[in-house]
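Residues per chain are reported as follows:
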Amino acid sequence: DAGVTQSPTHLIKTRGQQVTLRCSPISGHKSVSWYQQVLGQGPQFIFQYYEKEERGRGNFPDRFSARQFPNYSSELNVNALLLGDSALYLCASSLDARSSYEQYFGPGTRLTVT
Amino acid sequence: GNSVTQMEGPVTLSEEAFLTINCTYTATGYPSLFWYVQYPGEGLQLLLKATKADDKGSNKGFEATYRKETTSFHLEKGSVQVSDSAVYFCALIPRGGSYIPTFGRGTSLIVHP
Numbered sequence: 004d005a006g007v008t009q010s011p012t013h014l015i016k017t018r019g020q021q022v023t024l025r026c027s028p029i030s031g032h033k034s035v036s037w038y039q040q041v042l043g044q045g046p047q048f049i050f051q052y053y054e055k056e057e058r059g060r061g062n063f064p065d066r067f068s069a070r071q072f073p074n075y076s077s078e079l080n081v082n083a084l085l086l087g088d089s090a091l092y093l094c095a096s097s098l099d100a101r102s103s104y105e106q107y108f109g110p111g112t113r114l115t116v117t
Numbered sequence: 245g246n247s248v249t250q251m252e253g254p255v256t257l258s259e260e261a262f263l264t265i266n267c268t269y270t271a272t273g274y275p276s277l278f279w280y281v282q283y284p285g286e287g288l289q290l291l292l293k294a295t296k297a298d299d300k301g302s303n304k305g306f307e308a309t310y311r312k313e314t315t316s317f318h319l320e321k322g323s324v325q326v327s328d329s330a331v332y333f334c335a336l337i338p339r340g341g342s343y344i345p346t347f348g349r350g351t352s353l354i355v356h357p
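These protein sequence lines map, in sequence, to chains X and H.
Residues are numbered in our numbering as their position in the first sequence, beginning at 1, plus a constant of 3.
Residues are numbered in our numbering as their position in the second sequence, beginning at 1, plus a constant of 244.
It should be emphasised that the hints constitute simulated quantities derived from the structure, not laboratory data.
Incorrect hints may appear among the rest.
Stated by the list, open to error - Some but not every residue of chain H turned toward chain X, in silico, with C-beta under 7 angstroms:
hint: 1; residue: GLU286
hint: 2; residue: GLY287
hint: 3; residue: LEU290
hint: 4; residue: TYR343
hint: 5; residue: GLY348
hint: 6; residue: GLY350
hint: 7; residue: ILE354
As the list claims (entries may be wrong) - Label pairs and their computed distance ranges (CB to CB):
hint: 8; chain 1: X; residue 1: ILE15; chain 2: H; residue 2: GLU259; range: 37 to 45 angstroms
hint: 9; chain 1: H; residue 1: TYR283; chain 2: X; residue 2: GLY87; range: 37 to 45 angstroms
hint: 10; chain 1: X; residue 1: GLN20; chain 2: H; residue 2: GLU320; range: 42 to 50 angstroms
hint: 11; chain 1: H; residue 1: SER352; chain 2: X; residue 2: PHE72; range: 31 to 39 angstroms
hint: 12; chain 1: X; residue 1: LEU14; chain 2: H; residue 2: ALA297; range: 25 to 33 angstroms
Every residue, glycine too, gets a C-beta built ideally from N, C-alpha and C.
Using the sequences and the accompanying hints, generate a full structural model.
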């Protein structure tokens, strides 16, 4: 089975622009989470979606938004990009949103804001 | 709030040496605990997990035991290989509530031949 896929792999944007990142979960997984990983740090939780509903939101500004589609794929949108948004954005899927279910991560999208 | 503390890296070892990477956590109740590994330029891969006290997670020669008394989940391997060089992340997912995961900062492991 295919793992979690993310697109694009790399992205370069200018301050003030908007970006959309995409994620396809493992087949059968209904929960998708988004993380921001700044160089040298652990992943920081942004959003979790389960069955198309937001189940959790981390400490990120309203410039960050996401949604989940009927096929369980997901998009992360970031508006009014800042230099500090440069990071690796990771998507993870799991069967369920509960704590006992491990998450499987995609390879990430490397976003550079100039 | 919840937190995960990992030992500072990098940890530098010779091949076949014993590995310990310390991880302690702060959380309400009894969270599920995980170790992930990240190779250069890649996303995170689940290494092992434990969902209740005294559970031992194991995979590829790595082990970690959920210690409720010391709120710890230290990662160990008896004999490391050069291919184990990577960054290791300890993480928790709380039970109940929002299930928001918390990751540690990561510990870099460098194994020399």
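Consistency of the hints with the structure:
{"no.": "1", "hint": "GLU286", "verdict": "6 angstroms, holds"}
{"no.": "2", "hint": "GLY287", "verdict": "4 angstroms, holds"}
{"no.": "3", "hint": "LEU290", "verdict": "5 angstroms, holds"}
{"no.": "4", "hint": "TYR343", "verdict": "5 angstroms, holds"}
{"no.": "5", "hint": "GLY348", "verdict": "5 angstroms, holds"}
{"no.": "6", "hint": "GLY350", "verdict": "5 angstroms, holds"}
{"no.": "7", "hint": "ILE354", "verdict": "15 angstroms, violated"}
{"no.": "8", "hint": "ILE15(X) with GLU259(H): 37 to 45 angstroms", "verdict": "39 angstroms, holds"}
{"no.": "9", "hint": "TYR283(H) with GLY87(X): 37 to 45 angstroms", "verdict": "26 angstroms, violated"}
{"no.": "10", "hint": "GLN20(X) with GLU320(H): 42 to 50 angstroms", "verdict": "46 angstroms, holds"}
{"no.": "11", "hint": "SER352(H) with PHE72(X): 31 to 39 angstroms", "verdict": "37 angstroms, holds"}
{"no.": "12", "hint": "LEU14(X) with ALA297(H): 25 to 33 angstroms", "verdict": "43 angstroms, violated"}
Going through the hint list in order, the structure does not satisfy hints 7, 9 and 12.
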